[in-house]
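Engineer: Okay, here's what each chain looks like letter by letter:
Protein chains: 2
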Amino acid sequence: MTHCAHLLIIGGSDAGISAALRAKELAPSTEVTILLSDNFPNFSICGLPFFLSGEVSDWRNLAHRTKDDITREGIQLLINHTATAIHPTEKAVIAVDTKGQKKHIHYDRLVIGTGAVSRRPSIQGIELPGVYFLRWMTDSFAVQKHLIEYNPQSVVIVGGGYIGLEMADALVLRGLRVTLVEHSATVLKTVDPSLGEMVSAELQSRGVAVATGISIEAIQEKGNQLLVIGSNGFEAIADMVLVAVGAKPSTQLAESAGVELGFGNAIRVNRKMETNIPDIYAAGDCVETWHRLLQKSIYLPLGTTAHKQGRTAGENAVGGNAEFAGSLGTQVVKVFELAIARTGLRDSEASEAGFDPMTIESEIWDHKVYYPGAHKLRIRVTGDRRSGPLLGAQMVGHYQGEVAKRIDIFATALFHQMEVDKLSDLDLSYTPPFSNPWDPVPMTAQTWSQRFSPYSYKGDT
Amino acid sequence: MTHCAHLLIIGGSDAGISAALRAKELAPSTEVTILLSDNFPNFSICGLPFFLSGEVSDWRNLAHRTKDDITREGIQLLINHTATAIHPTEKAVIAVDTKGQKKHIHYDRLVIGTGAVSRRPSIQGIELPGVYFLRWMTDSFAVQKHLIEYNPQSVVIVGGGYIGLEMADALVLRGLRVTLVEHSATVLKTVDPSLGEMVSAELQSRGVAVATGISIEAIQEKGNQLLVIGSNGFEAIADMVLVAVGAKPSTQLAESAGVELGFGNAIRVNRKMETNIPDIYAAGDCVETWHRLLQKSIYLPLGTTAHKQGRTAGENAVGGNAEFAGSLGTQVVKVFELAIARTGLRDSEASEAGFDPMTIESEIWDHKVYYPGAHKLRIRVTGDRRSGPLLGAQMVGHYQGEVAKRIDIFATALFHQMEVDKLSDLDLSYTPPFSNPWDPVPMTAQTWSQRFSPYSYKGDT
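Taken in sequence, the protein lines are chains R and U. Be aware that the first sequence starts at 85, since it is given in my numbering, and climbs by one per residue. Be aware that the second sequence starts at 85, since it is given in my numbering, and climbs by one per residue.
Hint data in this document are derived by calculation from the structure and do not stem from the laboratory. The structure presented is a predicted model; accordingly, all values stated were derived computationally and were not measured. Each hint should be verified, as a subset may be incorrect.
[As the list claims (entries may be wrong)] Simulated pairs of lysine-lysine, PhoX-like, Cα-Cα distance not exceeding 20 Å: (1) R:Lys380 - R:Lys332; (2) U:Lys187 - U:Lys175; (3) R:Lys183 - R:Lys273; (4) R:Lys356 - U:Lys506; (5) U:Lys273 - U:Lys332; (6) R:Lys506 - U:Lys273.
Taking the hints into account, I'd like the entire structure generated from these sequences.
Structural biologist: Okay, structure coming up:
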């Protein structure tokens, strides 16, 4: 492999910055340039709801690193430059700045980290003023401007996924009346319905009106307000509307350069994060993601994954031989006082993938109940009944119940293909304020094993 | 293996109860009897400091299970019966009740779970009234009685280990002036000195007088008070004294029956929890413990381990073939607002065991610092620099920083012999209120790798 004199990265969010940092760490003499279309490199877009809630008072605090932090690493930032074309044979990228000035930038290796864009469902009136999306910093500035200038008293949020739920929390905190509409039967459809119901209950206890099983069809102006119309006769009036129904990979630039797309029209990459075109890598929300359990690529955009893929791309772009270890879809969200987390496959997903899954649900105190502040965790564990391996786990509990890191114990076990039966062999920490002598993780596993394990010794009588 | 008609268990704490429950689960027709010398089966002795602090208002709440819970499982409880002899050839145990009545109990298999007793250091005057130990329920009743009857205003705690630290916290909460004396250079010598210093600082910030490097030599009556005299001219006067300098295995009964002792004079067992005598198993704080990393047995009494060993013994006693997977010494303690946890080996321990360890210490926010309530975690990671495997981790941080379960991620990685380098491959959960896109666990691992990894790709330039 030839020396990489100049590594060019398109995109200055998680994947792009991770690629740049890793490349500079390993090959300090490589020139590394990041091209980004806005002025917000390395911002934590996962933090936007906390900016809009008022919990983060200054949006600048959302930066993982400042521009100075980045350039101090020897990385060049070309802000406000939009890449408009990639010419693989010339190894060049064309970029224009905000004044329309064109730049022709040579690369030895290129990392595409263009991320994703908000999905815009086909709702009549979605273009009306007062209807917002939330993905990038500029989106959040638009929402914030509206909140300040118009002082809205009510909002309809379309979509009960992560952003929708976090924004419901954020805008209740900000004093708005919130109606949340979800087209599935329960909110947060990334977890099983019984857990989604717990999230609905939490929302409702905070005054959020939750409408599920509703497809939004139209938004209309009604005086100074917006009327939101959906299936089953749904109607709601509010001062503003937020549409949060997911994201799709931003791939136009790549596609026009001949970069092949794969699952869900995301950029096709191998586990080295190479595209089909030599010397072009891609990473983050614009690419398909190798799933460690499914052993195939799917579309599963997550910030954690973007960091890992970017790091892998950056390492390989300067001559390394790293492989992305794969995603387990581990994720967590906080909604009011609840933490909701999952890793691996749910029962339905495991069935589709050809496993023979069995799932149990149990409720266990997060720590010894005699110690103040104990809360119950609801845990679902899925394992394969033919051969015993853990396939996935989901957990809901109080946000101080170490839900996130308990899911990570499951995730670490999943990473190592542990059998459900063997979770009780893990030597986990215990003190009454933080756990039980058997942590809820092995306790749930024991419940699973009692019912389904093909291995558990059943006694000699 | 012959059928086990009667399983007899000596000891009704963690190991004994776990053995009984597992046996009953697997072999419901086996008769299971637990013999215990007091009236407190299955009590959480780890909870005693929280009873004495007043946080647990009724000592009965310390029971993991009530007597009814236990007998409902079909387990017989013989309370207030002290086993005085084991006759392996007759397969019988002699027990006496509180009135001196003798019982001769036949067993097919026997599990010894006699636990540990407080170490009594050779301190002049240690037998004086007002000097207490804390291990079993009756110890805690004695302390509680003293607190209520004499309303002491001050206490000297001898020993800066788990019980000493938890009791310092508890008695400050109860309004006493606390002096804590530790013979080592720092408190909590189960973690490295830099972390022990953090614990000292926390104690001092709560008004605890901490004296380290002091050996206590004598306790004398001084009016209604006790004068505690130590090395280096140490003197302190207090209304009561608590001695908490560790525990030693309770093995007299086993030894007199010909059961072999091993490391630290604990009962020698193999990983099936078998002793040298056929049909006699042992588990819990009275036995030596197989260490998964050291690949040898040491003495490392922990409640979590007692549960696992008891479960293994119970399974095997009714004909199973389970093996104790080994301890990693994972443990956590809460001291005021700090959680302090560890797993695996410290640098010094790893060196002694023939590894070539390198340790780094780093300080990382527990979650995105822009989200309210972020605290710094201090993490030490030890890995082998020749071959890269993780050897251990230690962590100190705010008690709401998910320290315990973060150590468990390390513990789960250790269980699978992961290399430090590979920790960044773990798919861990992230949302700004709970973590960073790279959790502190892989972040610390990356810091280690940057300095010591034999594997990390260092670039082509």
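Engineer: Does each hint fit the structure? Answer for all of them.
Structural biologist: Verification of the hints:
| no. | hint | in the structure |
| --- | --- | --- |
| 1 | R:Lys380 - R:Lys332 | 19 Å, holds |
| 2 | U:Lys187 - U:Lys175 | 14 Å, holds |
| 3 | R:Lys183 - R:Lys273 | 43 Å, violated |
| 4 | R:Lys356 - U:Lys506 | 16 Å, holds |
| 5 | U:Lys273 - U:Lys332 | 17 Å, holds |
| 6 | R:Lys506 - U:Lys273 | 31 Å, violated |
The structure fails hints 3, 6 (numbered hints given earlier, in ascending order).
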